[in-house]
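So the sequence shown is residues 5 to 148, counted in the numbering used here.
By construction, these hints were calculated from the structure, which means they are not laboratory data.
Glycine included, each C-beta is placed from N, C-alpha and C at the ideal position.
Mixed in with the good hints, there may be bad ones.
[Said to hold, decoys possible] Restraint-style ranges between C-beta atoms, simulated for each label pair:
| no. | residue 1 | residue 2 | range |
| --- | --- | --- | --- |
| 1 | 8 | 84 | 20 to 26 Å |
| 2 | 84 | 128 | 18 to 24 Å |
| 3 | 56 | 11 | 48 to 54 Å |
| 4 | 139 | 96 | 35 to 41 Å |
| 5 | 38 | 84 | 21 to 27 Å |
| 6 | 139 | 51 | 45 to 51 Å |
| 7 | 41 | 82 | 22 to 28 Å |
| 8 | 85 | 41 | 18 to 24 Å |
| 9 | 14 | 47 | 42 to 48 Å |
[Claimed, not checked] Straight-line C-alpha distance at most 30 Å; calculated DSS-like pairs for lysine-lysine:
| no. | residue 1 | residue 2 |
| --- | --- | --- |
| 10 | 108 | 23 |
| 11 | 108 | 118 |
| 12 | 18 | 118 |
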Amino acid sequence: MNKRSIEFVKVGDKRSASKVITKQDIEIFANLSGDFNPIHMDDDIASRTVFRSRIAHGMLVAGIISAALSKFPGIVIYKSQTMVFLRPVRPGDSIEASAEVTEKTDETSEVRIKITCQNQHGENVISGEAIIKVLQAEPAGADC
5 MNKRSIEFVK VGDKRSASKV ITKQDIEIFA NLSGDFNPIH MDDDIASRTV
55 FRSRIAHGML VAGIISAALS KFPGIVIYKS QTMVFLRPVR PGDSIEASAE
105 VTEKTDETSE VRIKITCQNQ HGENVISGEA IIKVLQAEPA GADC
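With the hints as constraints, model all of the structure from the sequences given.
If you want it as structure tokens, here you go:
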């Protein structure tokens with residue numbers, strides 16, 4: 005008998021993903037999302053804000069969380085996410101998203117996960133919690 009994917013997920017399991025955020029990433033994200041806020045796009049305007057320079061879109065940085073979650077066993081479905089943006093992320097920052105299982109429910113295949121994103125200085129830039137559902141892939145040729 006084959007084990008279900010959720011059976012391979014344990015409380016305490018960790019996954020991570022990392023990325024260096026570039027100006028090109030910010031421009032691509034602006035084009036995809038339609039968010040052309042000058043704080044993300046205009047060096048001159050951004051330099052006159054509390055941030056003193058351009059910053060990345062929060063949701064661009066949060067996308068690294070999705071990459072970390074996708075590394076859990078099975079087919080991962082992102083159900084919900086809460087997060088707090090703690091520090092700005094600037095072009096050139098290296099961000100690591102860490103995901104740690106804090107709770108799982110075998111009956112529903114749902115998993116609660118603590119999320120932390122840190123920059124290259126070890127400073128938290130995002131913290132929060134996600135809930136994912138771990139689906140089992142059907143064998144090739146299985147009837148649906």
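Hint by hint, here is what the structure shows:
Distance hint check for residue 8 and residue 84: the Cβ-Cβ separation is about 22 Å, which falls inside the suggested range of 20 to 26 Å. For residue 84 paired with residue 128, a C-beta distance near 20 Å keeps the hint of 18 to 24 Å intact. About 49 Å separates the C-beta atoms of residue 56 and residue 11, a value consistent with the hinted range of 48 to 54 Å. The hinted window of 35 to 41 Å between residue 139 and residue 96 holds, with their beta carbons roughly 37 Å apart.
Between residue 38 and residue 84, the C-beta spacing of about 23 Å keeps the proposed range 21 to 27 Å intact. Here the CB-CB span from residue 139 to residue 51 is close to 46 Å, well matched to the stated 45 to 51 Å. Against the hinted window of 22 to 28 Å, the Cβ-Cβ separation of residue 41 and residue 82 comes to about 24 Å, which satisfies the hint. For residue 85 and residue 41, the Cβ-Cβ distance of about 21 Å falls inside the hinted range of 18 to 24 Å, so the restraint holds.
The hinted range of 42 to 48 Å is satisfied by residue 14 and residue 47, whose Cβ atoms lie roughly 46 Å apart. A hinted pair counts as satisfied when its Cα atoms are at most 30 Å apart, and residue 108 with residue 23 qualifies at roughly 28 Å. In summary, the hint linking residue 108 to residue 118 is supported, as the alpha carbons are separated by about 12 Å, within the 30 Å threshold. At most 30 Å may separate the alpha-carbon atoms for a hinted pair to count; residue 18 and residue 118 meet this at roughly 9 Å.
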